[in-house]
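Chain E is fixed; fit chain P onto it per the hints.
Residue strings, one per chain:
There are 2 protein chains.
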Amino acid sequence: SKELGELVGKVKEALESNAARRKPKIAKGARDFMPEQMAIREKAFATITAVFKRHGAVSLDTPVFELRETLTGKYGEDSKLIYDLADQGGEILSLRYDLTVPFARYVAMHNIAKMKRYHIARVYRRDQPQMARGRYREFYQCDFDIAGEYAPMVPDAEVLKVSTEILDDLKIGDYEIKLNHRKLLDAMLDICGVPAEKFRPICSAIDKLDKEDWADVRAEMVDDKGLAPEAADKIEPFVRLKGEPLALLQELQGPSSGFSGHAAAQEALADLALLFEYLGAMGALKRISFDLSLARGLDYYTGVIYEAVFKGASQVGSIAAGGRYDGLVGMFSGKNVPAVGVSLGIERVFAIMEEQARAEAERAKTTLRKTQTEVLVASIGPNLLIKRMELCTRLWEAGVKAEFLAQPKPNMDKQLTYALEEGIPFMVIFGETELAQGIVAIKDLKAGVQENVKEGELVAELRKRLSTQQA
Amino acid sequence: SKELGELVGKVKEALESNAARRKPKIAKGARDFMPEQMAIREKAFATITAVFKRHGAVSLDTPVFELRETLTGKYGEDSKLIYDLADQGGEILSLRYDLTVPFARYVAMHNIAKMKRYHIARVYRRDQPQMARGRYREFYQCDFDIAGEYAPMVPDAEVLKVSTEILDDLKIGDYEIKLNHRKLLDAMLDICGVPAEKFRPICSAIDKLDKEDWADVRAEMVDDKGLAPEAADKIEPFVRLKGEPLALLQELQGPSSGFSGHAAAQEALADLALLFEYLGAMGALKRISFDLSLARGLDYYTGVIYEAVFKGASQVGSIAAGGRYDGLVGMFSGKNVPAVGVSLGIERVFAIMEEQARAEAERAKTTLRKTQTEVLVASIGPNLLIKRMELCTRLWEAGVKAEFLAQPKPNMDKQLTYALEEGIPFMVIFGETELAQGIVAIKDLKAGVQENVKEGELVAELRKRLSTQQA
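Listed in order, the protein sequences are those of chains E and P.
Per the working numbering, residue 1 is the first one in the first sequence, and the count goes up by one each step.
Per the working numbering, residue 1 is the first one in the second sequence, and the count goes up by one each step.
There may be inaccurate statements among the hints.
Identical copies go unnamed one by one, so any copy, or any two together, can satisfy a pair.
[Unchecked claim] Subject to a maximum C-alpha distance of 25 angstroms in a straight line, what follows is the list of computed BS3-like cross-link-like pairs (lysine-lysine):
(1) Lys53 x Lys114
(2) Lys409 x Lys114
(3) Lys414 x Lys198
(4) Lys454 x Lys225
(5) Lys414 x Lys387
(6) Lys387 x Lys25
(7) Lys53 x Lys43
(8) Lys365 x Lys311
(9) Lys53 x Lys387
(10) Lys335 x Lys25
(11) Lys23 x Lys234
(12) Lys43 x Lys234
(13) Lys25 x Lys242
The hints are simulated quantities; they were obtained by calculation from the structure and are not laboratory data.
Isolated chain E, as found in the complex (with noise of 0.2 angstroms):
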């Protein structure tokens, strides 16, 4: 009977199995990334990953799975998204949702006083893939994250730099950076009588008109979510209230404002005081719109929240978002360690770039690249693949990205049009005769001249050309 166990076991596999029968799939909401979309990616991390070195951050990574009990709670209506694992014995796991959460349980687990780290990985939701307005369900998210005690307002202001930098940086387009204070928020709600219990579904809705008009906002704060009318008319008149940091911070400073004599509000507006005051000094405060309509939906915001969206038509939708909370790590530990941070929806970021790349291609009429190959080893003839080896293995000795055809014979043709297809800039070239002389043929493609070297000076002929277009 384990022989009939071991039978049982591999008709299921085969019938299991989709070998040859089909044609195979990628999960749904999945993707692969193409060599040509590889090459960008690559591009955009290196871009990121330079300001956040820049400005100090330590790199981190943790699992891509978590003990479900450490998603659990975090993330309000959203917890339906998470993917759970199957229970093979053992714990029961889920994927991460978002680098947040787990940077949180990393920093209560090593019991980290102080961190500022960034963190480049993909997270996981099980929504509604939207593939063509590049929602999916894998996706990457740059985090960059500062934790523990310092002066106040100091690592907003550069969670918030750090921000514009990467955004100006990639060059994607023109933005601002929609900017509000939880505390603010729910002092207005407060001041407008929303009974406390209703503060998070009330923020629900405010945070839809970026895409809603108000009456659809107002219909789902009183029909759906019951709240008096009165109250839902008094809001109306504060989330209208956007625009420059400073002038509007001065009003609603002001005496005649609706947050005049509001203990908690008051303590917000003075900690946006400070904050603007920061980002002034680094250079940052231009791209802030203060918007008292940014709500936010995530539970653990309790301070500062913000969100970078596309200015125009042609690009909408945000772009990074984040804010402080300083109780998440508690929920883990028991012990707060406040925190701040931005998450950069990197996948929107692609897109543009794939889509500037090939417009920059097809206008200077060149390839978009998938390799970094320098030059092409090729020859003239029978038998001389072994000397094409050789040749390549020198270049790759010092350093030279170098291929050749692994045929016994290809043709010039062939070996020239792969050479321009793949958008290799230089060819060695060589037969017999060459080899005889001592010397190889060294040819620049974009300028279309072709040089005899000896091959003894091949390596150093090659650099000084390299280096010369590189320049």
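What follows is chain P alone, placed relative to chain E:
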């Protein structure tokens, strides 16, 4: 009853949540990468990626999960180690077990005829973790594969050449690459009288010869796997054959060799003759040990197989392995695309490099750096936070990696200690006095020299010092 459902949900969440009740945990067999480890990991990845790019490989990325049917029937006995996702409605998914099967799925799905690609990513195995020995349930692999029709043995030679370049460039110790041919192995078993249906089980017994005595392996063959004792005894002299590739090849090609007259064996030996010639041309033959006891467990190998192992007593075990698998793509699409590749077990590389870095830091009495920060902007006296921010911003804008302490009035001791602990090479120091004179001091912490420069020339002066230091 909607409300009741919500209440039940909330109670369930509260019960499942670990909020503030106990120390948070990480999943068994997984680990966080600490900042010091990340710095080393990034260095290793950069070294490895440079080799791949030098060989004209493209980069590819696939999702962390695949349809379960994609993985089914590919891993033999090890299939039980696959992590499954929970069935939450929709597709049945599993976490990837390696990077080879997703690559084959990719080649089949996108109808790729030729591709030389690398992929550095995590894979998942629900094995008994032995973390002290570097065995995790989530771990990195670095894969390099060449798919497509090429001149025989040329891609095989390049994959082995790439393996040697990586192991050389990583500088982690002396190694050799054991090499065999699946067809030669099958011929050997055939010649010894092993029935065809026992080839794979007997192979997995042979594969243990690097850890076990012949007596134990023989016992497994005869007692557990039901092989005739005479057959087992015939295998012994074969699997003792190992050594310098060309010498052993010549011996096996000779008329007195056991393989004489066996057609499949002669084909395999012809393959190896060609491979060794190419490896000679590429300067990689000296790393190879032709070893008839190398068997490798996986079902999908069809040609050359190899495994890189450390030499010497201190570091044992396999560090890279691979082979030719001409049938795997066809299992998905029905259309075969031959392929050959190697997978580097990078976790062991990390462990060795960490050990080296610690020893080096201890020897040189330096800090194991977590960041790349070049300058700490420090001030003397109160009310200079804004000025520190402004100077730091100027450095960031110039591309200099700079930090300041996020405190209103940090004392000089604290700032100096921070710079020393973090290994930051330079400090910019100023107080009210210096500002009034339009100067700031640059302190070179390594040289112990401090010089005043004009504030307006700070960036240029720092750049000069930073470039000298790097040279």
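Hint check results:
Taking CA atoms no more than 25 angstroms apart as the test, Lys53 paired with Lys114 passes inside one copy only; the shortest distance there is 17 angstroms, against 38 angstroms between copies. With identical chains, the CA atoms of Lys409 and Lys114 are at most 25 angstroms apart between copies only, with a shortest distance of 18 angstroms across copies and 62 angstroms within one. For the homomeric pair Lys414 and Lys198, neither the shortest alpha-carbon distance inside one copy (70 angstroms) nor that between copies (46 angstroms) is at most 25 angstroms. Neither within a single protomer nor between protomers do Lys454 and Lys225 lie at most 25 angstroms apart by alpha-carbon distance, with minima of 82 angstroms and 62 angstroms respectively.
In this homomeric assembly, Lys414 and Lys387 come within 25 angstroms of each other (Cα to Cα) only inside a single copy, at 18 angstroms, whereas the closest approach across copies is 62 angstroms. Proximity of Lys387 to Lys25 under the C-alpha cut-off of 25 angstroms is found in neither arrangement, the shortest distances being 42 angstroms within a copy and 57 angstroms between copies. Within a single copy, Lys53 and Lys43 get their C-alpha atoms as close as 15 angstroms, and across copies as close as 14 angstroms, so both meet the 25 angstroms cut-off. Taking identical chains as interchangeable, the C-alpha atoms of Lys365 and Lys311 are never at most 25 angstroms apart, the minima being 30 angstroms within one chain and 52 angstroms between chains.
Within a single copy, Lys53 and Lys387 get their C-alpha atoms only as close as 44 angstroms, which misses the 25 angstroms cut-off; across copies the closest is 22 angstroms, which meets it. Proximity of Lys335 to Lys25 under the C-alpha cut-off of 25 angstroms is restricted to the inter-copy arrangement: shortest distance 16 angstroms between copies versus 46 angstroms within a copy. In this homomeric assembly, Lys23 and Lys234 never come within 25 angstroms of each other (Cα to Cα): the closest approach is 58 angstroms inside a single copy and 44 angstroms across copies. Taking the closest pair of Cα atoms, Lys43 and Lys234 never come within 25 angstroms of each other, the shortest separation being 48 angstroms inside a single copy and 57 angstroms across copies.
When the C-alpha separation of Lys25 and Lys242 is checked against a cutoff of 25 angstroms, the pair qualifies neither within a copy, at 47 angstroms, nor between copies, at 43 angstroms.
The earlier numbered hints that this structure contradicts are 3, 4, 6, 8, 11, 12, 13.
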